[in-house]
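Trainee: Guided by the hints, dock chain B onto chain A, whose structure is given.
In case you want the letters, here they are:
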Amino acid sequence: MILFENVSKIYSPTSIALQDVTLEIQPREFVSLVGPSGAGKSTILKLLIAEEMPTEGRVLLDGMEVTGLTLGELPYLRRRVGMVFQDYKLLANKTVYENIAFAMEAAGKADTEIQKSVPEALEIVDLVEKREHFPHELSGGEKQRVAIARAIINQPDVLMADEPTGNLDPVNTWEIVRLLQKINELGTTVLLATHDKQIVDYLDRRVISLERGKVIRDEMKGKYDL
Amino acid sequence: MGAPLTFKRVLSSGWLSFRRNGSLTVATILVMILTLSVIGGLLLLSVVTNSVLRDLEQKIDILVKFNKGTPENQILSVKRDIEALEDVAEVSYISADEALVNFRELHKNDPDILASLEELGSENPLPANLSVVGKESKNLAKVAEYIRGKNYPAIEPDGINYFEEENQRAIKNLSAIVRGIRTIGISIILVLGAISMLIAYNTVWIAIFTAREEINIMKLVGATNWYVRGPFIVEGALHGALAALVTTLLFFPVVWVASFQILKIGATVNLQTYFNENFVEFGLILLVIGVILGVGSSMIAIRRYLKI
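Residue numbers (my numbering), protein chains in the order written: chain A, 1359 to 1584; chain B, 14 to 321.
Since the hints were made in silico from the structure, they are not lab data. None of the hints are false.
Under the rule of at most 30 Å between Cα atoms (straight-line distance), these lysine-lysine pairs were calculated in the DSBU-like manner:
no. : chain 1 : residue 1 : chain 2 : residue 2
1   : B       : Lys-21    : A       : Lys-1447
2   : A       : Lys-1555  : A       : Lys-1579
3   : A       : Lys-1452  : B       : Lys-21
4   : A       : Lys-1488  : B       : Lys-21
5   : A       : Lys-1474  : B       : Lys-21
6   : A       : Lys-1540  : A       : Lys-1404
7   : A       : Lys-1540  : A       : Lys-1555
8   : B       : Lys-81    : B       : Lys-92
9   : A       : Lys-1467  : B       : Lys-21
All of these numbers come straight from a predicted model, not from anything done at the bench.
Isolated chain B, as found in the complex:
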């Protein structure tokens, strides 16, 4: 038997029953939309939590203040030393001028502070500094210790600011939250995923149960198992694909609303921008999961009717 011919017939037959099975098709797709929405929602939730955590970790840094008037090349040499450390992710240099600009910006609504700055005239009271961000915030203590140990003359006495106790506590809390979110997230995925798969399987099973007489006839006129199974698999794949498409479209308004709420609680992640940039990948992930779900359910559900 010509394989391309059979493949063509299986495809068109699957497409035909997809169209003719009206209400059952709708029911199956609805359940799959539910499943994919849960998975998609958790996917986006993990983006948000990861980004919030990264934000928070970025805020934990070591601030190294230099003596006033330290030449820039000396500061940059210290910067290179620190950058060479394994635990350091990034070192940024903020010159005294930049520090002053930042300071003004930060306190632009505070006339008292601005007034006292004016009193100083052209003199800049702020030192140049380096901000050191670790690869993992828990290793920052080690980095701070190292810098202290070097006794750089250019660094102000007590110029290495690392709020060890506060930071440690914050990091500990943070890690606990991260672990909590991951555990809860995975549990939700497992439980809801299993429930949705059972419902999807059940719906497909009903579809195949309805068609059992048809399957029996196909077998009796000499159709091979793959010829019988094929259209159901095509139909399952179409269910999954359509459900993935609808779910992705549904996420546009959902993300639009959620994005505002997330920005309101102070996170810097813009979920909407992220989604707009990544919805193709997002859709493809759902497509793959949807098709696997549809095809898998069909294959399992049809198995018992092929043993004639």
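Here chain A stands alone, though its shape is the one from the complex:
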């Protein structure tokens, strides 16, 4: 369970990213975070993996206080939360296979386990044929699928996707959305930050609407409605 308790992130009095946000997200939920740019969607995701620290309030993941972790404990939190970004963030000098395997190597998994799991993940994202390609040889949609495979390879409790379809054409966008749905069905909590109305309406799941750092609506079967 993810819990945000009265969380604020204030850079300066004129730059407030989040203001007194309280949220509760249950395991296996599929939650869309919607709102215009600068509403605070990305900030919520960054707070959850402790890439940013809140100015006030607490963030908890399964009872563990994210805000109280030391630098040395952060890697273990981040292995429990998979992350997908708009700009993919793949390692340019590693192949598709190496990019995915890297997350497992960093987590200290055994070689045999890596050799078994990476092909399975490639299967899920339908990139078995491209395993030896480098990122620059892939299309945007393919890159994002590699990023998703990397994000789920350590079987995280939560998958966060920050505008994952922002750079993609409609066909690729739908592929990514279906992939996220599939991962959610397999038991992973999914947090999707987006401003794509079509996606949100199609999903027909919980929608949290943000505006200027505040939650303005939280509906269990929501539509994109700003």
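Mentor: Chain B alone, transformed into the frame defined by chain A:
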């Protein structure tokens, strides 16, 4: 997490980026070669100056001449007395026959002197003598005084030759030169060492700056700080090691040329022989310095990117 497994991955990852980072690797190694060359050059310079100084100090001695016909056992007994002194490093006995052989050798190109020797026939005009070398040349005056004070009957009157004034002046000049060389040498090491380290650090910093996005990604997928830092440290160590190897190899031709020049100015040290005998130690010293330089620069340069 299994430590050996992590270590293996860190090593292979470091080796991989060492190979794939082409031009930056070359630039870093070149700068390190420069640094190590300066250090290596100063190391060899100190060998040469130390050896030249030792040569010169060896040349300053007290010559004790004995009366002709003094039995060898008497001379050796005096030798033992002198050897027992704290300030004495070495006493060598040169018999009258040996002195004559040395004299002939020294003047073999001087027919006049050889002719006058012939005139004397079988008689040896040279006395047996002892050459006394001090541990520190500045204490020789004390030793000479001591021998004079003993009034050994076997020693020729005025047979204790110690060119006090000349020697003192020579020693003073020598000490000044030694001090000068040491001060200048250390200053050069400090200044050039600092400059080279800054350049090496800067090059590594550029490498890490280029990889900052990569470091960020590693952190976001849950790599520990050591897992991120490891490959850069391995890479730094490889830079240092390769630079040390190249520098050591570069010194072979340099020493070969320098060796002739040094022999030309009359020093007895053969730098080439010295280097050939000691290049393994020389290389190891550079290796240690190079690896410290590479690893140290990497660790400092990467620090700020690990605070994510």
